[in-house]
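> Protein chains in written order, with the working numbering: chain A, 375 to 630; chain B, 194 to 483; chain C, 119 to 455.
Treat the hints with caution; some may be incorrect.
As the list claims (entries may be wrong) - Computed spacing ranges between beta-carbons, pair by pair: (1) C:S350 with B:I344: 52 to 58 Å; (2) A:P412 with C:I258: 41 to 47 Å; (3) C:S350 with A:P446: 36 to 42 Å.
To be verified - Each computed PhoX-like pair below joins lysine-lysine, with the alpha-carbon atoms no more than 20 Å apart: (4) B:K225 with C:K240; (5) C:K299 with B:K281; (6) A:K498 with C:K240; (7) B:K225 with B:K281; (8) B:K281 with B:K354; (9) B:K277 with C:K416.
As the list claims (entries may be wrong) - Some chain C residues well away from chain A (every beta-carbon gap over 10 Å; in silico): (10) K151; (11) P210; (12) Y243; (13) I258; (14) K272; (15) A296; (16) S300; (17) G303; (18) I314; (19) E317; (20) G358.
Hint data in this document are derived by calculation from the structure and do not stem from the laboratory.
In this text, a Cβ means the ideal position worked out from N, Cα and C, and glycines have one as well.
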Amino acid sequence: MPPVLDVASLGINFGGLHALDDFSVQVGNREIVGLIGPNGAGKTTVFNLLTNVYRPSRGSVKLTGNNTLGKPTHEVTRHGIARTFQNIRLFRSLSVMDNVKIALHNSMNYSLLSACLRLPSYWKQEAAASATSLELLSVFDMEEMAGYPAGSLPYGAQRRLEIIRALATNPKVLLLDEPAAGMNPSETADLMRTIRDVRDKFDVAIILIEHDMSLVMGVCERILVLNYGLIIAQGAPDEIRNNPMVIEAYLGSQGD
Amino acid sequence: MTFVYLMIIGLQIGSIYALVALGYSMVYGIVKLVNFAHGDIIMVGAYCVWYLTSRMSVPAWLAVPAAIVLCSFLGVMIEKIAYKPLRKSDRLALLVTAIGISLFLQNAVQIIFSADPRMFANIFEGTIAIGDRQFSNATAVTIAASTLIMIGLSLLVKRTKIGKAMRTVSEDGEAAQLMGINVNNTISFTFALGSGLAAVGSVFYCCSYSQIQPTMGNMLGLKAFVAAVLGGIGSIPGAMIGGVLIGITESFTRGFISSQLTDAVVFGILIVVLLIRPSGIFGRNIGEKV
Amino acid sequence: MPGLLKRTPVRYALNAAVAAGFYLVIMSLIGGKVLNRYQALMLIPIGYNIILAVSLNLTAGFLGQLPLGHAGFMSVGGYAAALFSMSVSLPPNIELPAALVIGFTVAALFGVLIGLPALRLKGDYLAIITLGFGEIIRVIILNLKFTGGAYGLKGIGRQTTVTWVYISVLITLYVISALIKSRHGRAIISIREDEIAAEASGIPTTYYKVLAFTVSAGFAGVAGGLYAHYLSILDPSTFGFMRSVEILVIVVLGGLGSIFGSVISAAALTILPELLREFAEYRMVIYSLLLVTVMIFKPSGLCGRYEFSLGDSIDGLCAAIRARVLKRGGGGDASCS
Chain A
375 MPPVLDVASL GINFGGLHAL DDFSVQVGNR EIVGLIGPNG AGKTTVFNLL TNVYRPSRGS
435 VKLTGNNTLG KPTHEVTRHG IARTFQNIRL FRSLSVMDNV KIALHNSMNY SLLSACLRLP
495 SYWKQEAAAS ATSLELLSVF DMEEMAGYPA GSLPYGAQRR LEIIRALATN PKVLLLDEPA
555 AGMNPSETAD LMRTIRDVRD KFDVAIILIE HDMSLVMGVC ERILVLNYGL IIAQGAPDEI
615 RNNPMVIEAY LGSQGD
Chain B
194 MTFVYLMIIG LQIGSIYALV ALGYSMVYGI VKLVNFAHGD IIMVGAYCVW YLTSRMSVPA
254 WLAVPAAIVL CSFLGVMIEK IAYKPLRKSD RLALLVTAIG ISLFLQNAVQ IIFSADPRMF
314 ANIFEGTIAI GDRQFSNATA VTIAASTLIM IGLSLLVKRT KIGKAMRTVS EDGEAAQLMG
374 INVNNTISFT FALGSGLAAV GSVFYCCSYS QIQPTMGNML GLKAFVAAVL GGIGSIPGAM
434 IGGVLIGITE SFTRGFISSQ LTDAVVFGIL IVVLLIRPSG IFGRNIGEKV
Chain C
119 MPGLLKRTPV RYALNAAVAA GFYLVIMSLI GGKVLNRYQA LMLIPIGYNI ILAVSLNLTA
179 GFLGQLPLGH AGFMSVGGYA AALFSMSVSL PPNIELPAAL VIGFTVAALF GVLIGLPALR
239 LKGDYLAIIT LGFGEIIRVI ILNLKFTGGA YGLKGIGRQT TVTWVYISVL ITLYVISALI
299 KSRHGRAIIS IREDEIAAEA SGIPTTYYKV LAFTVSAGFA GVAGGLYAHY LSILDPSTFG
359 FMRSVEILVI VVLGGLGSIF GSVISAAALT ILPELLREFA EYRMVIYSLL LVTVMIFKPS
419 GLCGRYEFSL GDSIDGLCAA IRARVLKRGG GGDASCS
């Protein structure tokens, strides 16, 4: 079976610095891949390159065989790569419902004219979008919060809403940037279940950046380790746990 | 010879723009505000000199420092009363407040001195001949004095303690506070300095245009602002170079193309600069971190 | 009847009835000489200022990008409409609306032309570049032959009536609020909230920025057309930077992102200088001080992002009355809560 996401030797320079070099990965359908590494290793840069927030200097990105490299971010999203952000980026003053409906933008197609004249296509599609949003919210037990401004939600709910919003774009690959940041151990355990649920219910592959090792080791089937913009190790959680290069990257070499 | 003539006139206007642009640039650098009231502070300075010299018969050497003091005080007061309460709120609210202050100054002066233009006697009498052209002494004084002021300002910002504080606050206000810099005082000083420079600029402006009215600050302010953007807003050498470039461009457009199109050319430059290099000649481009 | 007004067709009918009723009230006030000729004429500037403010609010309040060249679009629309109506002779009730459509189209076209390059910039830089474009438009009009140059365009038919202004205001309000409450409007608002997240949610942000800018420019053009056929003269010097600022002031004072606020604020700020006429010389000083005071004490504008909805208000009122009645009839134990 061909991989859903096929990334080959992706790289970018900032100034003279190789922020990321020769990054290659194949992600299969419904696979959960972890991306770890010390701060500044280039993890978020990978996400920014995959979604074309930064323009890669070299490499290729193929999503189910289609090239998405160099396409505008919104088109990449439409092709099926959705993401969350390390520092939550919700539409804070809008309602939870509207946050999800904005991500459903491309599932509707009524024109500007139908919007202004309130033609039947407007009513039908808006009603469908509202129903879909509520359905998505209910998967995460958030349908009661639909009317609240997103910025007023508690922290954990904001993280979940970001995942819901990403799922609303109907992705094939979901990129989660530190979803457990700022969560306590019990919330992290919940999140672990949620991530598996998402994979099962929505049939997506997931790439996960995370510092919380219990989450990464618990949920990921494969882990990539980045350091100084290069992949220094990859493999199953157990292999990574005992890899001396990984330990050195995190703790520094002994006798320093 | 026309070329040299236009060049010198351009330098004269450009020096004035540079002095005014410095005020915009320093204030923007430190509080990220396009201070729309800056042009009107120039106008207040001009009216102050005019009133003192022609109504009170105060000698010019006394009237000019008085105007500088008045404008500096006015600049600081505006910041304290109108801008400081809004430092943490939306930038747009700050911008509208600046516009409100600008309207207030224009109309207050209009009530006191009426909307009629007033004649302003050139305080630097006499002429100099360069080749076959006659220049007013004001031209020479403007260029020379502006150059000296700008050298002084560069030294002040680079060498003195308050100058270093200014640079630190414009780099990162919160960090500066943590380092023990008094941010409020630094901001007040910046407004005082910018407004003082505006007062000097107003005197030179009046000597070359000989007419003042309450709305004179609008166009002068806008063009100086264009100069600040051209040089890279927030950058002190940028404001100087930008001012001189705008002055020379204006003078050459007037001399070789058409005096009616000078404004279009100046704003055309603004648009081209913003599209090609929005950070201006000396500015730095800072992208958003994702 | 609880929730009767929740039904959309009922709400539309109600809004239409109120709009028609309000029009009849205005016309009978004019007809019955309750409003004198001068006061009746004030309704026209109130109307075009509402259109200007609401259209600017689309970019400044909903898109979250601040343009400072709205007067430029107003002038382009005004000149286009006036040049059209001066060159044809149609029945007045066809000529003016046709001219307004031309005004909308030409201004919207300029909106695209200016928006495409300008919207690559953000924040203060966008404000500055639109200011530059606005000034250039003014200088170009000043130097063209067919616009009458510095002398202005004279002899435009005085065709703007209270009725046409009222219709234009209604259309503007309807189109912009219908747009806002659709997927297209949500896309525009998402850019204000977080452009990067909007793009990542699949919103083509450049398209929607230019769209908002274009619609906004178009309605400014309609206002320009009404203005031209009201004053019968167009003078390029009245479309300078200060007019753009005046419109911005209306919008910010009313509340960025509140259409209701823009309407109220446009009406108030058009009438206020007239009410202050007795203090003629002090009125601009009072006006500017008021502006600064509001900004210091309520920086989000008088209405914030509040939107008035007739249906919701009546529903709310009914609910409040019902609660009162129930409380009074249904035992005293609820009286404390």
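> Take the C-alpha atoms of C:K299 and B:K281, compute the straight-line distance between them, and say whether it is at most 20 Å.
31 Å, violated
> Could you let me know if the closest chain A CB is still more than 10 Å away from the CB of C:K151?
38 Å, holds
> Can the suggested window of 52 to 58 Å be confirmed for the beta-carbon pair C:S350 and B:I344?
Check passed, 56 Å falls within 52 to 58 Å.
> Compare the distance between the alpha carbons of B:K225 and C:K240 with 20 Å, and conclude whether the hinted pair is satisfied.
Distance ~14 Å between B:K225 and C:K240 Cα, so the pair holds.
> Should the label of C:K272 as a non-interface residue stand, given a Cβ cut-off of 10 Å to chain A?
36 Å, holds
> Please settle this one: C:S300 was flagged as non-interface, so is its CB more than 10 Å from every CB on chain A?
4 Å, violated
> Is it the case that C:G303 keeps its Cβ farther than 10 Å from each residue Cβ in chain A?
At roughly 8 Å from the nearest Cβ of chain A, C:G303 sits no farther out than 10 Å, so the non-interface label is violated.
> Confirm or reject: C:Y243 is not an interface residue toward chain A, with every Cβ-Cβ distance exceeding 10 Å.
Answer for C:Y243: holds, closest chain A Cβ roughly 20 Å.
> If we take the beta carbon of C:E317, is the closest beta carbon in chain A still more than 10 Å away?
4 Å, violated
> Is C:I258 truly not at the interface, in the sense that its beta carbon sits beyond 10 Å from all beta carbons of chain A?
30 Å, holds
> May I ask you to test the hint 41 to 47 Å on the CB atoms belonging to A:P412 and C:I258?
Distance hint for A:P412, C:I258 is violated at roughly 58 Å.
> Test the statement that C:I314 is away from the interface with chain A: the closest C-beta pair must be farther apart than 10 Å.
6 Å, violated
Taken one by one, the earlier hints fail for this structure at numbers 2, 3, 5, 6, 8, 15, 16, 17, 18, 19, listed in ascending order.
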